[in-house]
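Enquirer: Sequence lines, in order, name chains P and Z. For the first sequence, the working numbering begins at 1 and goes up steadily by one. For the second sequence, the working numbering begins at 1001 and goes up steadily by one.
A couple of the hints might just be wrong.
Below are the DSSO-like pairs computed for lysine-lysine, each with C-alpha atoms no more than 27 Å apart in a straight line [to be verified]:
1) LYS156(P) - LYS116(P)
2) LYS1552(Z) - LYS86(P)
3) LYS1404(Z) - LYS1081(Z)
4) LYS1404(Z) - LYS1193(Z)
5) LYS1193(Z) - LYS1355(Z)
6) LYS1404(Z) - LYS66(P)
Quick caveat, the hints were computed from the structure, so don't treat them as lab data. Nothing here was measured: the structure is a model prediction, and the numbers come from that model.
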Amino acid sequence: MSTGQRQAAPSQSVYPVSPDQGAAAESIIAILVDNEPAVLSRVVGLFSARGYNIESLTVAETDVEKHTSRITVVTHGTTAKIDQIKAQLGRLVPVRRVIDVTAESDALERELALVKVSNEGDQRVESLRVADIFRARVIDTTGSSFVFEVTGAREKISAFIDLMKPLGLTEISRTGVLSIRRGAEND
Amino acid sequence: MADAAQKTKPKSSTGVSKSGAELLLDAFEEQGVEVIFGYPGGAVLPIYDALHQRDTIRHILMRHEQGALHAAEGYARSTGKVGVALVTSGPGATNAVTGLADALLDSIPIVCITGQVARAFIGTDAFQECDTTGITRSCTKHNYLVQSAAELSGVVHEAFHIARRGRPGPVLIDIPKDAQFEEAAYTSRENAKNRNCIVVPDVRSGDIDQAIDLMRYARRPVFYTGGGVINAGPDACAALRALARATGFPLTSTLMGLGAFPASDPQWLGMLGMHGSFEANNAMHDCDLMICVGARFDDRVTGRLDAFSPGSRKIHIDIDPSSVNKNVPVDLPIIGDAGAILSALNAEWSEREKKEKHDKSRIADWLSQVDGWRARASYSFENCDKRIKPQHAVQRLYELTRGKDVYVTTEVGQHQMWAAQHFHFDEPNRWMTSGGLGTMGYGLPAALGVQVAHPDALVIDIAGDASVQMTMQEMSAAVQHDLPIKIFILNNAYLGMVRQWQELLHGGRYSHSYSESLPDFVKLAEAYGGVGLRAETPAELDAKIEEMIAVKKPVLFDCVVTNEENVFPMIPSGAAHNEMLLGGKVTGDEISDEGRVLV
């Protein structure tokens, strides 16, 4: 809004939060969809058409019998914006449910990353030691490289990557975030 | 992604196999389709062949696919039924895009059938191939690429369900040509896969209680209603009228909602928004309770967002959860069908009245303030006895058609705003205009669609000289199908609204907004086989309008009006509701730098 700079009149509204106010934060949204042609395109198209941001995206069929897939999107925005994203997603015909994972404190999140380092001597030893701390597995090795497989919450993966940077990190592949609810209940 | 064909395999209700084209028409018949607006082409020939062999469904041949979609919109809006369009692949589909986008923004239920190249050719850049579902994904409520004749009838039933249910909208079904020939069994509406894809929540009594609490204690209340009330049907409009009468609150409406509440009612404030009335906009700005029903706080309505109705609590009744808190945060959102919610509000209001009468003195000051604003007569204009003022022309048109069975469509621009200001509606579904997308060229084909639905009614397209030329070719369709639509052109030889904005924002430099080489509309009408009329002075206007009404043929009425009239009142872009321009001489510095970048 270009007019945002002007002095705003004091609001008498019970909820005086304008959509652009409030701190923007990262949010994980899980979308359960009918697995039909173009469903991913509908979801992704909605994000681009309405100017929302996708930071990571994971999608696969999760129930073969019911033909449902789970799409997990990491996005960024104020509470109002996230609410709007959820409402817009809810309008898509193949969308069964929209779950705000971040808002549900009992949700688990995991991500898997493959991390390649190319190094020699002490750096090789040190990278193996760090990998051990992070419970990363070596899944490929040559005389001058390792490929590690590491799983965990995003912060853990990012911390691992940061530590690997000075140890000859050359390439990263990440799956994006997966999430599921804790306990016996289902989403 | 897996192939959905298997999943959607329908349970057959009869053992008889028919071609996909026949199955499509069977499904149309079961859905109650009476008329299709379309244009044939290579990829829909089997459907046209099937149409040729049955006389249960009328087909109106248009002259352009955009016209077919707008005609279907006009049909849908004037009847409350789903409008159906049928076009071919490639250019047929891309020409339909404007109409689909228009129907999406104005929430009009449409089912559009497009042909597609045979399945084996999809993706090969075949002749007249385009990625129709890809192109139309963002301008439809939902779309389908039919994978086989077996799923076709089921898909059609679901498409109608989606087009109607919840917030209505356009649904497109892309059918490959070979699937139109392929034989399969029919799936009845009853047996069609019924995904619970659009959920309309029930009314919650807690919401109703809270709303009535706010309403009973409000001192400066206003109803702000929109097209959603009309989409919710005649019962919703009746419930709105009842609630307004019971409460005595003043009521304003968006461009889309005109007619839901009678314009002749003393509680009526007129339209609100950029070219709305002074009383409506000031009431919105100063109210302490806003009851929004089926409107979406569009930027044409709100003006400057951070100064929008600063002192009010807001109740927002809408069927679409994504409309709530989208532009303006509200205090009490109520999601559901406007008719059901308004009826519940009526019931609760009268329940409370039994216990304790609503204290009308609470709103007495407010009503007299509203009357004060009303006394400014913001729609007034300086008339002229030598040349026809456009506002005067619309006023005369309204007066001379009063008491008749009138439907009005418009194009987009100044004439649209004058029509909204000076033509008054007492009933819903009588006013068809492109509000959201603002599509020039909407009115003529829409009028045609309205006339198909109401053959004996007086259907008038209030048009501008520029807009009407965008879909002028549909005159030919009107003549072919004996549809006596009346095209009332306010001819100022300018792209009037563009010129007005250039006057306000760009120092009066009229860059490419003058219509050079306008056709002679009278001769043009005659060339099409219609009737052409022209009025150039106020003295002859009434007689010519009477003549137009009497003619039972399509008419192009060239109403030559003053050239540089501006639409007032106006909220300049980037301004608030209480910062309206009321007309007169424009100095050029009404619009702030921030406002200049807004559309």
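Enquirer: Take the hints in turn and mark each one as holding or not.
Expert: How the hints compare with the structure:
In summary, the hint linking LYS156(P) to LYS116(P) is supported, as the alpha carbons are separated by about 16 Å, within the 27 Å threshold. Between the alpha carbons of LYS1552(Z) and LYS86(P) the distance comes to roughly 52 Å, so the proposed pair goes past 27 Å and is violated. Distance hint between LYS1404(Z) and LYS1081(Z) is fulfilled; the C-alpha atoms sit about 23 Å from each other, no more than 27 Å. About 45 Å separates the Cα atoms of LYS1404(Z) and LYS1193(Z), which puts this hinted pair outside 27 Å; it is violated.
Restraint check: the Cα-Cα separation between LYS1193(Z) and LYS1355(Z) comes to about 49 Å, which exceeds 27 Å; the hinted pair is violated. Proposed proximity of LYS1404(Z) and LYS66(P) is contradicted: the alpha carbons are some 56 Å apart, above 27 Å.
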